[in-house]
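S.K.: If you read the protein sequences in the order shown, they are chains P and S. Be aware that the first sequence starts at 1, since it is given in this note's numbering, and climbs by one per residue. Be aware that the second sequence starts at 1001, since it is given in this note's numbering, and climbs by one per residue.
Worth flagging that the hints you see were computed from the coordinates, not collected in a lab. Be aware that a few hints might be false.
[Said to hold, decoys possible] Calculated Cβ distances over 10 Å to all of chain P for the following chain S residues: (1) C1009; (2) V1012; (3) S1013; (4) N1015; (5) Y1035; (6) I1038; (7) L1042; (8) L1043; (9) M1045; (10) L1046; (11) I1049; (12) S1050; (13) F1051; (14) I1090; (15) A1099; (16) I1140.
[Said to hold, decoys possible] Label pairs and their in silico Cβ distance ranges: (17) S:K1170 with P:A7: 19 to 29 Å; (18) P:Q140 with S:V1006: 40 to 50 Å; (19) S:F1066 with P:D105: 41 to 51 Å.
From the three backbone atoms N, C-alpha and C, an ideal C-beta is built for every residue, glycine too.
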Amino acid sequence: MNLITIALFFVFAIVFHILVWRLHRPHRVHAWFFLYMLIGLPLLYLVLLTIFSDHSIYNNLLIILGYEFLFTSYVLIYAAIEQSSLSLDLIRYLKHNGKKMLADDLISRCRAEGMIKIRIRQLADEGFVELESGRLKITQKGNSLANFIQKMRNIFKIRNIDG
Amino acid sequence: MILFLVILCGLVSLNLFSVVLFVAMNSITKNTPQYNFIISSLLTMLIVISFYIYSFTLLQDIENAFLFCSVCILNIFIIFQFVNLMTTSIRLKILSLVAEKKEISEKELIDLYGGKGFIENRFKRLESLSQIERQNNTIILKSELFYWLSQPIYVARHILNLKGEETIKKRAD
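Can you build the whole structure from these sequences, using the hints too?
M.R.: Okay, here's the thing in structure tokens:
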């Protein structure tokens, strides 16, 4: 029964998310996911169930736990939905163009510069870098994130970011 | 309530086990972090499956055991995404380059990172995953696995009314 409830709860959240996106996509997507889908909705569910249902609190917590993990996985996949992956697009392009292509021709068609420029603007919008007359400066917030990632890479023993 | 706490403790222990194994493999081998993570996760999964069988036979509580396993698998997927993000994210690469130089012009950054190497990196990654093959100067699609696996992403983009970026210039014909 718990599994069915989690699945139904997740489907409801996804339908709600699709409706919001089709009507008006929020500007700060991750903050929206965090506030409404990972905190707001489970809290509302917990309150409603505590009032109207005779389920034990343990059962409700299990349902919330299952939902949180399922939706967090979706949020991580969402990044791939919103922003194109060049690797996946390369595979798709090859598949639709005879599965074979000259490497130089393929490289000349890739818009790496455009992809990087978009991401620079996103980093600037989110306050991680400052972009002034074509020059990029790291901000306090950006520096903190870069240091955190560096620490995590040291802990995980990851040698380099390929990008 | 006690069972809920047991599940949480089990989850934390499995995470720790998986991460320690992953770090050890990263220190010893020269494999990509993603490969090491998949191996360490598979070993962790074996423990999860053992727990599942144990719960099923002794506790007679198949639903909670299944729920626990699902949460563990999702949890491992979340850590995998985090590892993936640390190694392949374009934005983190840009951020680390800017943090390293403190100040850099947009053009310098694009020259440093956005040249042929940016695309070659992706070719290498796809080659190591056996998705493409390079013969002289020709790129050949070797497997359609990623093509089919990525289809839901393109469908979801359509459902959510998102445009995506134009990463490859289309042919005129």
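S.K.: If any of the earlier hints don't hold here, list their numbers in rising order.
M.R.: Hint check: 14, 15, 16 and 17 fail, others pass.
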